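Chemist: Protein chains in written order, with the working numbering: chain C, 1 to 336; chain W, 1 to 286.
These are computed hints drawn from the structure, not numbers from a lab. Note that the coordinates shown come from a computational prediction; the quantities given were computed from them, not determined experimentally. Among the hints, erroneous ones may be present.
Said to hold, decoys possible - Pairs of lysine-lysine, DSS-like flavour, derived with a Cα cap of 30 Å: (1) W:140 - C:160; (2) W:140 - C:44; (3) C:239 - W:102; (4) W:141 - C:160.
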Amino acid sequence: MAGGISYTVDETTKLSTAEVYAKALSDLALQDPRIVVLTSDLAKSTKIGVFEERFPDRFYNVGIAEQNMFGIASGMAKCGLIPFTSCFAVFTACRGLDQVHTDICYQNLNVKMIASHAGTSFGQAGTTHHSTEDIAIMRSMANLTVIVPADGLETANAVKAAIELNGPVYIRINRGFDQIVNDGMDYGFQIGKAVQLMDGTDLTIIACGSGVFQAVQAARELAFSDGIKARVLNLHTIKPIDREAIMKAVQETRRIITVEDHTIIGGLGGAVAEIIAEGGKACAFRRLGLQDAFSPIGLHEDLMSYHKIDANGIIETTRALMKLDFEEDDNWEDEV
Amino acid sequence: MGLSKEELARLETKAHDLRHSIVNTVLFAGSGHIGGALSALDIMVMLYYHFMNHKPGDPHWEDRDRFVLSKGHAGIGFASILADLGYIEKEQLKTFNLTGSKLGIHLDSNRIPGVDASTGSLGHGLSIALGMALAARQLKKNYRTFCILGDGECDEGSVWEAAMAISHFRATNLVTFIDRNQYMIDGNTEEVMKLEPFAEKWRAFGFDTLIINGHSFNELHTAIEHALVASEKPVAIVCNTVKGCGVNFMEGNYKWHYGAINEDVAEQCHRSLDQYYEKRVQEKGA
Chain C
1 MAGGISYTVD ETTKLSTAEV YAKALSDLAL QDPRIVVLTS DLAKSTKIGV
51 FEERFPDRFY NVGIAEQNMF GIASGMAKCG LIPFTSCFAV FTACRGLDQV
101 HTDICYQNLN VKMIASHAGT SFGQAGTTHH STEDIAIMRS MANLTVIVPA
151 DGLETANAVK AAIELNGPVY IRINRGFDQI VNDGMDYGFQ IGKAVQLMDG
201 TDLTIIACGS GVFQAVQAAR ELAFSDGIKA RVLNLHTIKP IDREAIMKAV
251 QETRRIITVE DHTIIGGLGG AVAEIIAEGG KACAFRRLGL QDAFSPIGLH
301 EDLMSYHKID ANGIIETTRA LMKLDFEEDD NWEDEV
Chain W
1 MGLSKEELAR LETKAHDLRH SIVNTVLFAG SGHIGGALSA LDIMVMLYYH
51 FMNHKPGDPH WEDRDRFVLS KGHAGIGFAS ILADLGYIEK EQLKTFNLTG
101 SKLGIHLDSN RIPGVDASTG SLGHGLSIAL GMALAARQLK KNYRTFCILG
151 DGECDEGSVW EAAMAISHFR ATNLVTFIDR NQYMIDGNTE EVMKLEPFAE
201 KWRAFGFDTL IINGHSFNEL HTAIEHALVA SEKPVAIVCN TVKGCGVNFM
251 EGNYKWHYGA INEDVAEQCH RSLDQYYEKR VQEKGA
């Protein structure tokens with residue numbers, strides 16, 4: 001379709017998240033000749049090889065040289081192209097960071113970084129290939145928009161929105177298949193606006209990426225077995241953050257749990273904590289994620305369980321949190 | 001065809017004036033990277049005043065030739081050129097390094113018209129320049145991209161990532177210069193981290209590599225003319241230069257990589273530059 005893309009869940013059910021990204025970018029590239037793709041010997045791994053098949057003249061494999069890739073991308077963007085880099089998250093946020101910081105973010109250039117194999121989604125590869133600090137690193141970069149989609153269709157929405165936004169964007173996706181959160185693309189995805197997937201008044205689970213599906217599962221189970229009404233927010237955009245949705249959740253539910261496949265330091269949990277602290281209202285608060293640790297090796301779902309960022313871990317933390325007292329304060333007139 | 005006598009004289013005079021301007025700017029700023037600015041100056045003069053297609057009144061002209069000063073610390077020299085050409089006001093040089101000024105040691109491409117890339121973190125510029133060169137090919141444009149690296153900068157591994165890719169992509173619309181002034185902050189390049197055999201390294205990475213005197217406009221002219229018609233191999237020009245070129249007590253002294261000067265020292269610099277100019281136009285000149 002002209003001016004965009006629209007996929008149904010049936011069309012993409014056999015595609016991994018990265019394959020949906022590659023399909024979306026290829027379809028959008030047909031409509032926008034400014035789009036080019038760069039990868040660092042990760043055409044197969046990041047699934048962007050399909051773009052190369054469709055647009056061989058707009059595809060640059062720079063070999064295993066991430067620093068060079070981000071520098072090239074910045075030079076291309078300076079001259080009016082929209083370069084997409086297709087690379088593992090850990091090699092984007094760590095190996096290539098000096099170039100990402102100085103060449104792309106400082107110069108505020110229109111480079112879109114697709115960072116795959118995020119969190120512990122390539123768990124078997126070991127800690128050298130885990131990316132559990134990238135949200136913290138990338139959200140500290142001025143000018144940069146940071147998006148962590150929950151599934152394939154949200155990734156397609158993020159890619160489309162990134163093209164429409166003039167400026168650098170970091171999109172963090174997982175290796176392999178994500179559990180389906182969205183049954184279509186038409187749910188009002190907007191950069192910087194959280195999506196409320198379930199309403200509730202007892203607590204709010206704020207999640208991103210693979211944590212979102214687990215949050216929904218946990219909320220359903222909590223409603224069924226404990227009668228706890230949990231709100232679930234998919235905070236797909238870490239920066240700019242949806243302060244309004246977070247403070248509304250604080251005010252209306254007074255208990256917040258964040259869930260991320262990432263260290264609890266500085267990522268989604270850290271970002272939400274900053275908003276809550278500056279909001280000046282007491283609330284019970286827990287961050288789920290890697291507890292200042294590198295992850296052991298394992299399958300993604302096993303590691304999610306190990307780090308208590310799966311439904312069971314969220315349920316356990318919720319039950320503990322529901323027992324906590326906190327200072328009651330019903331006066332919201334003095335909110336800062 | 002070589003440079004005409006008139007053109008050579010024009011370039012020599014321009015370089016001379018700009019050397020004075022650099023000394024003045026370092027004086028305004030209190031200190032600066034004067035050594036590397038003076039070594040790279042003649043390359044920049046050759047490009048901006050002879051080869052490059054650019055419009056100071058339209059700094060974002062999309063068909064302009066691109067220039068990336070990968071050794072971004074020579075920005076204090078580049079700034080004098082930008083001021084002379086009218087990209088910025090000459091008066092702005094008096095604010096160099098001052099709080100609130102747009103001009104700092106490493107020039108900001110989003111704040112200074114005529115600066116195509118914000119450099120300073122060494123080892124970045126050649127990749128950025130390659131991106132610009134590949135964009136020209138992608139956008140079917142004829143602009144050329146020129147990049148100046150420092151020699152010490154070539155310690156950075158990313159320089160060689162870029163070099164490998166320039167050769168791989170046959171980016172012959174990009175010309176790479178290395179300001180081979182032999183010195184880095186802590187001393188001679190061969191003592192701090194050995195670069196030699198330096199030209200051999202560029203050749204091994206697939207470059208048609210020329211070694212010239214980077215203070216000779218005739219040699220620069222011939223080398224760039226050669227580079228601009230390259231079609232198979234990209235060209236790297238190793239420019240043998242003198243750190244602090246033109247100021248006798250700074251020449252070849254790595255302690256003037258970055259230094260502070262007062263009015264007395266500036267006066268000595270100006271006198272030395274005048275002597276240098278006289279000698280240069282007599283000996284090396286036309």
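Chemist: Hint by hint, note whether the structure agrees.
Modeler: Okay, the hints, checked on the actual structure:
With a C-alpha separation of about 26 Å, the suggested pairing of residue 140 (chain W) with residue 160 (chain C) holds against the 30 Å cut-off. Annotation: proposed proximity of residue 140 (chain W) to residue 44 (chain C) holds, straight-line Cα distance about 29 Å (limit 30 Å). Proposed proximity of residue 239 (chain C) and residue 102 (chain W) is supported: the alpha carbons are some 28 Å apart, at most 30 Å. Distance restraint check for residue 141 (chain W) and residue 160 (chain C): the Cα-Cα separation of roughly 27 Å lies within the 30 Å cut-off, and the hinted pair is therefore satisfied.
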